[in-house]
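Enquirer: Residue numbers (the numbering used here), protein chains in the order written: chain V, 1 to 299; chain X, 1001 to 1281.
A portion of the hints provided could be inaccurate.
Covered by chain V, per the in silico footprint, the following chain X stretches (three or more residues, Cβ under 8 Å) [stated by the list, open to error]:
| id | stretch |
| --- | --- |
| 1 | 1059-1065 |
| 2 | 1073-1083 |
| 3 | 1138-1146 |
| 4 | 1217-1225 |
Rough simulated footprint, nothing fancy, chain X against chain V, three-plus residues with beta-carbon under 8 Å [unchecked claim]:
| id | stretch |
| --- | --- |
| 5 | 56-64 |
| 6 | 85-96 |
| 7 | 156-167 |
If you want a taste of the chain X side facing chain V, the calculated C-beta under 10 Å gives, among others [unchecked claim]:
| id | residue |
| --- | --- |
| 8 | Pro1055 |
| 9 | Leu1110 |
| 10 | His1189 |
| 11 | Leu1203 |
| 12 | Thr1229 |
| 13 | Met1230 |
| 14 | Arg1231 |
| 15 | Leu1232 |
| 16 | Ser1234 |
| 17 | Leu1264 |
If you're looking for bench data, these hints aren't it; they were derived computationally from the structure.
Beta carbons are placed, not taken as given, at the ideal position from N, Cα and C, and that holds for glycine.
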Amino acid sequence: MKVSVSRYLKLLTSRVRQAAAPADVLVGRLLLIGLGVLFLQLFLHGLSYSLGVTGLLSRGVTTEFWSAALSTPALPQSLLLSTLIAAAVTLLSLSGSLLMTARRYCCGRSRCLESAIWLSMAVPVIVAATLIRFWLAPGGLIARILYHCGFLASPAEFPALINDPYCIGIVLCGTFCSMPLLTLFQLRIQETDGLHLYAHAAVQLGASQLRAFTHVFLPMLIRRSRGMLLLTFLWNFSAWEAPLLLGRQSPRMISVLIQKSSGEFSLAQRPLGFVFSTVYFLVGVLAITIVSAKDRKHE
Amino acid sequence: MSDLCRQSAASSNNRAGFGWRTVEYLLLCLTIAVVVGPLLLLSCGIGWSWPRLLPDRPGFMHWQTLLSSDTGLLPAMQTSVELACLTSILATTFGLIMSRAAALSRTITLRGILFLPWITSPVVAAISLYHLLAGIQLAGSFAGVVIAQLAFAAPFAALIFRDVWNQRTQEMIRLVASLGGSTTAVWTHAIWPRVRRLLSLSLLQTALFSWLDYGIVSVIGGGRVDTVTMRLFSLLREAGLNQTALAAIILMSPAIAFSLPLALQRMRLPALLALRSGDSE
């Protein structure tokens, strides 16, 4: 009897699902497929350009650009640098946003902090990078204030915080621009999904408040914001303006490397830029496939 | 539990008088000072030699030049606003529909498509897109720029709505559908309440993306779509420190104008003021 009821329910829900696969879902699928086709075409265009099939100065099919690109250390260095910076920014942004959500969890809403987040979200990356230059450059505001306080004698004594080997300026800029969006997203998820109710249930069942927060609330929150975390990582992986203003000439982040090679100085270099962008695309596809496969495993 | 925490926090705030709220107000003021302070300081003057804290010749020279001369900033601003409005509305609508289709799909391919714009270098994508749009006579036109921006903004909006389609929402949708609700009823009763709160975030983010976009407009627009960002980027790249500060303020002002009402709404200033006057009475 039980089996027949569950089968009936399954049948009913599948019918409902079929009936509820309405026009908007079909339109959505079409839009997604169209987008996929568009980006596939862009990828194929880049690939054919890098192989000399198309292009203004093409001299027929050749692998010289691929062998030139793969033999230079610039590509692996840029990929490693971009990955490390994106990971550092994602971790810092997550820590900051978790502090905000923890504050909301234990003490309720803070309208003041939320306003600060909304306002800082309005600062574009290029302005944030300019601001970091104004504040942290050797001749910047902090160095001048320290000079007037008697801690510095000349700008040369100020530690390098921009265009530095550790990319402190880029990481700061990325965190400043990524954290507000991640925080707002997590606050919304917290509110919409009523995560505190689950933690409340855990406390009712005998868990301590800290345990309910760390074992119920946090895992649920992080699980729900995986998409946004991946987005934050990819966004910083492909960051362009901040590394351009605050980074060093070598090694460069991958976007800067692609842009500089895409014919800023000569059109003959453009295929090299397309080689870098194809590798970058493939690395991105690999990352997404791994994350999506993990998602699927969890489901 | 959290209610209890809130009550205790509120009572401790009342007791302390100078509690967390004051610290948070200070933090808000600090954010504003760190962001706006140096820009205002440097835009009002000429030169900034070491070790002076203020510009060498304070004054509103750059502001006067910008406001008085016929810089063509107003028509550029109008184009930018139109572009941002159109892109944000279309991207949010398409993104919402796409996110639902992606959530319902059983293959990872459709879900993975939403991440494609992030793994495509914008500069190179724009160069390739230009060739495609030139084929349909849309390169160098307003419509071409909107389409190119949508290819990046719509998946972004879809990712903002990605986590809306969880088990709970799906069950609500099934419930409304099984009770005989039409597609409209599903959207108004099951989806809208969950999506409503994310709409402002999506609209703001996609509008900002469009407003600040330089790569796509410069390549696809081919110089014929003149936005304010195009003009200001050239200032940022070529002009001196003071003009850069001025350009940064102008670049940031619409974003601040968009988010200030939202920030004020969160502060509930009128209610706060009413409370303060009530206290004093």
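Enquirer: Can you name, in rising order, the numbers of the hints this structure does not satisfy?
Expert: When the structure is compared with the hints, numbers 1, 2, 3, 4, 5, 6, 7, 8, 10, 11, 13, 14, 16 turn out to be violated.
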